[in-house]
Amino acid sequence: MTSYAKMPAPLASVRVGTLAQGKVLTCGPDLPLGDAITLMHRQRRSSIVVTEENRPVGVWTEHDCLTISADDPTAFLRPISDWMSSPVRTMSAHASVEAATFRMRRDKLRHLIIIDDSECLVGIVSQSDLIRVPSAIHPLRERDVASIVRRNTVTVPGETPIGLLQAAMKEGECDSAIVFKPAPVTHTAQPDGPATTRKTTSDNASETPATKPAETEAVTDEFGIVTERDIVGYLVHRSASGSAWEIASRPVRRVQDRTSLQDARQIMIDHQIRHLVVTDLQNTVLGILSFNDLLASIEQDYLQHMHDAMEDRDTALARAQKSLHLSRKIIESSPDGIVIVDDQGRIEDVNPSFTRVTGYSRNEAIGKSPNLLQSGRHDRAFYEDMWQSITRAGRWQGEIWNRRKSGEIYPEWLSIIAIRDEDGRILQYAGIFSDITDRKQTREDMRRLSHFDELTGFPNRRRFLDVLGRTLNERRGSKDSVAVLLIDIDNFQRINNTLGHAIGDDVLVDFAGRLNRALPTDATLARMGADDFAIMLPQQYEHDTLETVAQDLMEVFNHPHFSASGGELFITASMGITLYPRDGSDTTMLLRNAEIAMLRAKNHGRNRFNHYNRSMNTVSSDTLALESDLRHALERRELYLAYQPQFIAASGLLSGFEALIRWRHPKHGELGPDKFIPLAEEIGMIDEIGLWVLRTACTQTVKWRQQGLHNITMAVNASLQQFNSPIEFGDLVASALNETGLAGDRLEIEITESLFMQDIEDTCRKLQRISDLGVKIALDDFGTGFSSLSYLRHVPFDVLKIDRSFVNDIGKGIGGSELVRTIINMAHNLGKSCIAEGVENLLQEQFLRENGCDFLQGFLRGRPVPAEQIEITFADLFSPPHRAGGYNPN
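Under UniProt numbering, the very last position in the sequence shown is 890; numbers go up by exactly one each time.
If you're looking for bench data, these hints aren't it; they were derived computationally from the structure.
Possibly wrong hints are sitting among the right ones.
[Said to hold, decoys possible] In silico DMTMM-like pairs for lysine to aspartate or glutamate, Cα to Cα no more than 25 Å straight-line: (1) 667 - 635; (2) 766 - 818; (3) 405 - 438; (4) 602 - 728; (5) 766 - 781; (6) 170 - 435; (7) 405 - 422; (8) 832 - 803; (9) 776 - 635; (10) 703 - 761; (11) 766 - 739; (12) 329 - 423; (13) 108 - 72; (14) 108 - 159; (15) 405 - 342; (16) 832 - 850.
[To be verified] Pair by pair, the computed Cβ-Cβ distance ranges are: (17) 405 - 284: 30 to 40 Å; (18) 673 - 843: 21 to 31 Å; (19) 407 - 284: 20 to 30 Å; (20) 830 - 728: 44 to 54 Å; (21) 55 - 258: 46 to 56 Å; (22) 54 - 106: 49 to 59 Å; (23) 284 - 450: 41 to 51 Å; (24) 816 - 450: 28 to 38 Å; (25) 860 - 728: 46 to 56 Å; (26) 809 - 672: 15 to 25 Å; (27) 476 - 826: 34 to 44 Å.
Bear in mind the structure is a predicted one, so any value in this text is a computation, not a measurement.
Glycine included, C-beta positions come from ideal geometry on N, C-alpha and C.
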């Protein structure tokens with residue numbers, strides 16, 4: 001057992017004045033705070049003393065920098081006298097290092113200003129100076145890092161704003177924090193060169209990472225440390241992005257928890273650092289060891305010193321009495337609560353901090369069991385494990401919940417030491433504890449801010465995605481739907497720009513509250529960022545009910561916002577709606593499609609809501625690039641037509657082709673029409689592209705007919721927007737026929753049922769104009785859209801095209817085949833032909849042929865290919881003598 005009375009050059013014999021010579025940075029009271037911080041940074045000093053006539057009047061330390069925001073430039077211009085700590089805590093140069101150690105711990109000081117007999121400044125002593133005293137080695141020899149490491153260290157992700165990190169360090173009374181590396185980016189792009197790795201060195205970072213780390217010591221860049229000195233550097237430069245990772249020192253030096261405190265102290269001195277990250281044998285981060293912790297360890301070992309003095313009382317009574325007196329002073333002045341318990345489990349003594357924390361006076365506690373503090377939150381197994389550790393290892397340390405005299409339950413960090421005699425018998429137990437309520441509250445605040453919006457108090461984007469993701473997982477495999485609504489306030493930026501962000505914040509808070517009051521109780525409302533709000537409705541909503549909910553939410557914005565000055569603001573919003581699983585199978589897809597629908601609502605005049613459908617698209621950077629490329633695609637000859645053959649079902653002879661547009665994009669490769677036709681419609685290019693398709697298809701048909709394919713028909717798709725163009729679509733068809741010389745009965749225009757969801761009379765008029773040219777009209781994707789049988793009696797069409805989804809159901813389940821048979825019979829009863837698309841297997845082909853389907857189209861008999869490939873595939877038809885009736889692929 002180590003006894004301080006046996007130490008060479010004990011701490012009590014070293015004068016604090018010998019540590020303070022020439023180690024002080026000073027300034028006058030009028031120096032701007034920014035200049036003072038810059039001086040500290042340049043000279044790597046942890047404090048600056050403010051003097052008048054060489055007498056200390058104030059002090060400013062690295063710890064004080066936690067209160068300064070880099071976003072407040074005025075703070076750096078004010079004189080340091082406005083900010084310094086005053087009056088200063090001083091100590092005579094004649095005082096011992098031992099006294100300085102206890103003074104710093106008792107008053108929670110990082111620095112002591114040393115003065116001479118005339119109260120003039122001699123220097124300043126920091127924790128680092130005390131740890132470097134050779135005599136401080138002895139209390140550290142027989143203990144390892146695990147015995148004192150702070151396991152309630154502030155730990156944050158790399159993206160944490162520095163202002164929030166400063167607050168957490170201050171609230172937690174921590175001089176450092178662990179910052180985990182953001183994934184996966186480890187490089188930052190430089191303005192005039194390639195990406196470079198950021199190299200950081202400071203008082204915690206290893207200058208040169210060890211190539212062969214020792215068994216218990218290593219360096220790592222998996223995380224960094226932010227210390228008060230790093231905060232000082234950030235305040236000087238104020239050029240970082242504002243995230244904790246930007247200023248974190250890295251790589252950092254770490255030690256294993258089995259490393260002795262003496263070795264840890266030497267590592268700090270050798271590498272000129274003040275913090276070490278502590279890991280276990282599996283390299284799991286346990287916490288940070290700092291100079292402050294070593295000082296605390298020295299203090300705890302003085303409690304052990306008390307026991308040593310009692311053992312030696314027969315041979316060194318005077319020395320023991322002095323030691324006991326010193327120990328009493330330590331106990332009484334300690335900021336931590338201390339309780340001494342005898343071997344029978346009765347409290348022998350407590351210090352004033354015990355009373356301050358628990359509420360029990362010394363007289364109330366002495367003679368009682370420590371059980372009077374039990375909270376009831378821990379079971380019997382918890383206490384059994386605790387006492388087994390004390391009996392086996394002589395100590396226990398951990399977080400525990402206790403109860404104050406008032407009944408309030410609070411968290412504390414407790415260390416228990418067993419004090420034994422020379423025969424190993426336990427004489428007493430010393431418990432040292434501190435109230436960590438504030439630290440836990442800081443961690444809870446950090447957790448709350450990471451999941452809830454600070455302005456409105458509602459869940460933020462991270463929380464919303466978590467709730468939505470869990471809800472979707474619960475619904476997977478069921479038929480239950482989940483609705484996601486995305487709301488964006490129209491022209492909100494104008495409010496911020498003209499009326500200020502304070503008014504803008506009031507508007508956001510007001511309307512967030514209104515939305516919440518208008519929602520069903522099981523809904524989740526979140527602020528996704530800026531002026532975007534998201535809502536999840538987990539109930540199974542019918543379309544009409546969902547419409548009603550959306551209307552109620554839009555009604556929220558029909559009432560003005562009244563500002564604090566009494567003015568009225570009339571606000572509108574746009575909303576996009578998606579439904580799981582119809583519009584997306586995961587959170588990303590649902591939110592993306594809701595945004596697409598919301599943007600479509602904005603593009604159609606704002607102050608409305610839209611349900612998502614697949615024809616929508618959103619303007620993004622990729623879309624803008626694609627738009628630019630599309631505008632040049634025709635002139636660059638990147639667009640081409642692929643032709644898919646169609647066959648007579650009964651004979652298998654070639655009857656014609658469907659022209660399908662494709663885009664050979666130089667960057668993205670071959671793109672189908674679903675990738676760019678919606679964009680062409682959105683930017684007004686559909687008429688130009690549609691006319692090109694029509695002319696090209698007609699020209700190709702004329703060419704093939706001249707080469708022997710006399711009886712073929714060419715089918716061309718027409719979009720809703722082409723029909724709604726100011727130029728009559730029938731005139732465009734007539735123009736294409738005239739220019740190419742193609743007979744009208746050789747052309748077929750395919751339209752979809754969505755065309756009849758608008759003015760059906762006008763639509764029929766336009767179709768009749770086309771029909772009068774001899775052109776056939778084919779109703780595409782029948783049964784998937786409007787599907788009202790009443791309009792079929794009035795629409796001038798010739799061919800009914802069975803959608804591939806119905807063809808795919810042939811032979812699958814009850815009703816799949818019957819539905820196709822019904823469509824075929826209905827077409828024939830109306831005097832129309834029918835063609836089935838998406839025919840991919842012989843079963844489908846046989847069923848369609850046996851049930852009277854007129855024409856077939858699908859991968860089974862031919863895929864869409866360029867014109868050159870068609871001429872190779874059907875080469876015998878292009879060679880005289882030409883066979884009338886077409887080509888049979890069988």
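Going down the list of hints, with the structure as the test:
1. 667 - 635: Between residue 667 and residue 635 the Cα gap is close to 17 Å, so the pair holds against 25 Å.
2. 766 - 818: 34 Å, violated
3. 405 - 438: Holds - the C-alpha atoms of residue 438 and residue 405 are around 19 Å apart, at most 25 Å.
4. 602 - 728: Given that 25 Å is the threshold and the Cα spacing comes to 28 Å, the pair is violated.
5. 766 - 781: Cα-Cα ~20 Å, so holds.
6. 170 - 435: 16 Å, holds
7. 405 - 422: Roughly 37 Å between the alpha carbons, so the hint for residue 405 and residue 422 is violated.
8. 832 - 803: 16 Å, holds
9. 776 - 635: Violated - the C-alpha atoms of residue 635 and residue 776 are around 30 Å apart, more than 25 Å.
10. 703 - 761: Since the Cα atoms of residue 703 and residue 761 sit roughly 37 Å apart, the hinted pair is violated (cutoff 25 Å).
11. 766 - 739: Cα-Cα ~21 Å, so holds.
12. 329 - 423: Cα-Cα ~28 Å, so violated.
13. 108 - 72: Violated: residue 108 and residue 72 sit about 28 Å apart, past 25 Å.
14. 108 - 159: 31 Å, violated
15. 405 - 342: With a Cα-Cα distance of about 22 Å, the restraint between residue 405 and residue 342 holds, given a limit of 25 Å.
16. 832 - 850: 18 Å, holds
17. 405 - 284: 30 to 40 Å: Roughly 38 Å apart at Cβ, these two residues keep to the hinted range, so it holds.
18. 673 - 843: 21 to 31 Å: Holds: the Cβ-Cβ distance is about 29 Å, inside 21 to 31 Å.
19. 407 - 284: 20 to 30 Å: Taking Cβ atoms as reference, residue 407 and residue 284 lie about 37 Å apart, which means the hint is violated.
20. 830 - 728: 44 to 54 Å: Cβ of residue 830 to Cβ of residue 728: about 27 Å, so the range 44 to 54 Å is violated.
21. 55 - 258: 46 to 56 Å: For residue 258 against residue 55, whose Cβ atoms are near 48 Å apart, the range 46 to 56 Å holds.
22. 54 - 106: 49 to 59 Å: 28 Å, violated
23. 284 - 450: 41 to 51 Å: 22 Å, violated
24. 816 - 450: 28 to 38 Å: Taking Cβ atoms as reference, residue 816 and residue 450 lie about 50 Å apart, which means the hint is violated.
25. 860 - 728: 46 to 56 Å: 38 Å, violated
26. 809 - 672: 15 to 25 Å: 23 Å, holds
27. 476 - 826: 34 to 44 Å: 37 Å, holds
Hints 2, 4, 7, 9, 10, 12, 13, 14, 19, 20, 22, 23, 24 and 25 from the earlier list are contradicted by this structure; the remaining hints agree with it.
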